[in-house]
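Those sequence lines, one after another, are chains A and B. Under this note's numbering, the first residue of the first sequence is numbered 999, with each subsequent residue one higher. Under this note's numbering, the first residue of the second sequence is numbered 999, with each subsequent residue one higher.
There could be a bad hint or two in this list.
According to the in silico footprint, chain A covers these stretches of chain B (three or more CB under 8 Å from chain A) [what the hints assert, rightly or not]: (1) 1002-1012; (2) 1044-1053; (3) 1057-1067; (4) 1078-1085; (5) 1110-1118; (6) 1159-1166.
Across the chosen pairs, the derived CB separations fall in these ranges [said to hold, decoys possible]: (7) A:1080 to B:1182: 29 to 35 Å; (8) A:1053 to B:1036: 25 to 31 Å; (9) A:1039 to B:1205: 42 to 48 Å; (10) A:1191 to B:1076: 25 to 31 Å; (11) B:1076 to A:1059: 30 to 36 Å; (12) B:1052 to A:1019: 26 to 32 Å; (13) A:1199 to B:1059: 17 to 23 Å.
No wet-lab data here; the hints were simulated from the structure. Ideal placement from N, C-alpha and C gives every residue a C-beta, glycine not left out.
Number of protein chains: 2
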Amino acid sequence: MNILYVYAHPEPRSFNGALKDTAMVTLGKLGHTVKVSNLYAVRWKAVLDTQDFRMRQDPYQFNPALEQIHGIQTGSLSPDILEEIERVAWADLIIFQFPLWWSSMPAILKGWFDRVFVQGFVVHLEKGQVYERGLLKGKKAMVVVTTGATREMYSPGGVHGDIRNHLSLITHNIFEFVGMTPLPSFIVFGAADMTRDEGSLQLNRYRAVLEKL
Amino acid sequence: MNILYVYAHPEPRSFNGALKDTAMVTLGKLGHTVKVSNLYAVRWKAVLDTQDFRMRQDPYQFNPALEQIHGIQTGSLSPDILEEIERVAWADLIIFQFPLWWSSMPAILKGWFDRVFVQGFVVHLEKGQVYERGLLKGKKAMVVVTTGATREMYSPGGVHGDIRNHLSLITHNIFEFVGMTPLPSFIVFGAADMTRDEGSLQLNRYRAVLEKL
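Chain A on its own, in the form it takes in the complex (with noise of 0.2 Å):
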C-alpha cells in the first residue's frame, strides 16, 4: 500500500516520537511505501490566509472557500500545499499521528486539514460531492492518538466525555466527510505517566495494528 504518515509532535525523544519510529520500521518491513509529513520537522505553515493563493479569484474581497476552488482549478496554489496534496492523491492509507491538546490535534495539524484538504479536491459542495460521493472515497484513514487524561476521564460517563465522540468530529466530519473509510482509531490514554515498560507495551501493541492493515 501507498501510506502518507502525516505527523504532528515537536519532540522526536517523545513517546510520539517512539510511536512514529515503531510505525516506520513496522510499515517498511512489511513492504508498504510510506511517506511522511512531519509537519514541525518542515515546520509546516498552520495558517490558511491570502498567500496560500498565488493567483486570486477576487484581490478585493478574500473567501478561503471560493479561493480554493479557483486555487485548484487553475493549479495555483502555493508549493508547500500542492505537494501535499500530490501525496493524499497518491496514499491508499493516510495515518494521522499526534498527541491530543484541548481534546482536539495541535494547531500545526489542523491547518494542514484547513490549508490542503481544499474544496475541489477533497469534496465539492456544489455538486453534492460528500460522503458517499467525496472525491477521496476509496482511500483509507486512521487516527493515531496520545493523551495526556486517562481511558476513564475518557470514557463514556467520564468527566471529558467519550474520546469517541471527540474524535468522531475527524472519523467523521473530515474522513467520512471527504469519503474516505475510517480504521479504528489507535488511542494511547494517559501517555504522560506511562512507566517505560507501559510505553514497551504500547509499541507492541501499535505494531500489531499495524501489521494487519
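Dock chain B against chain A, hints included.
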C-alpha cells in the same frame, strides 16, 4: 464588564467582519471595556513550539506541558503569550468569534488555546485544579460561530451531527475544564449563502444577545 474579544477571520469585509464590528459598537455603547485579540491582524503565531519558552527547564527533551508550567512560574514565556495571559486574567468575559472550519476552529485560534491556556495558569492537573476548581473560575466565555452548512445538517439527526455536540469540545472540554462558565453559543448557520437581508437580521439578533449580557 471587562470583555476580551478573540477574533479569528482573515477578511474584514466578510460577514464575520460585520459581526465583529457590530459587537465592537454594541459593547462600546453599553459601557463595557473591550480588548480585541484580532489573531489574523496581528499575525498570531499559531504553533506551540520550543520558541515559546525563553528559559527551558529541560533543554534536551521538549515536553510542552512541563515547559508551560515552568514558563508561567518563571515568567519566561514569550512576550506574545504573556500579553494574552494578562488579557485573559483581566477579562470577566471572553468572546471567541470564528468561522467553523472542519467542524472546529481555524488553526490560528486552536493555536491560541495551545499556547495561551498554559498549565499552571488555567488549570493545574497535579493539584486537581480543573473544572469546579479550574483556575479561571468566575469568568464567563462565549462562542460566536458561523457555519457554511445549514442548521438541518448540524441538527441532532443531520449528516454532520449535532453542532452542540461539536461545540461541547470548546464549551465543556475547554471553558468548563478551566472553570469558566459558558454562555449560550451564538450560531449563524449557512453564512455563505445568506442574502443581505438575512445577514442584517442575524446582525440584529447578535446585537440583541450582546445587549442582554
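Cross-check of the supplied hints:
1. 1002-1012: Contact hint for the segment 1002-1012 of chain B vs chain A: holds, 4 residues under 8 Å.
2. 1044-1053: n = 5 at 8 Å, threshold three: holds.
3. 1057-1067: Holds, because 6 residues of the segment 1057-1067 of chain B bring their Cβ atoms closer than 8 Å to Cβ atoms of chain A.
4. 1078-1085: Since 0 is below three, the answer is violated.
5. 1110-1118: holds (count 3)
6. 1159-1166: Per the Cβ count (4), the hint holds.
7. A:1080 to B:1182: 29 to 35 Å: violated, 42 Å
8. A:1053 to B:1036: 25 to 31 Å: Between residue 1053 of chain A and residue 1036 of chain B, where Cβ atoms are some 27 Å apart, the hint holds.
9. A:1039 to B:1205: 42 to 48 Å: holds, 47 Å
10. A:1191 to B:1076: 25 to 31 Å: holds, 28 Å
11. B:1076 to A:1059: 30 to 36 Å: holds, 33 Å
12. B:1052 to A:1019: 26 to 32 Å: At roughly 30 Å between Cβ atoms, residue 1019 of chain A and residue 1052 of chain B fall inside 26 to 32 Å, so the hint holds.
13. A:1199 to B:1059: 17 to 23 Å: Holds: the Cβ-Cβ distance is about 21 Å, inside 17 to 23 Å.
Comparing the model with each numbered hint stated earlier shows that hints 4, 7 do not hold.
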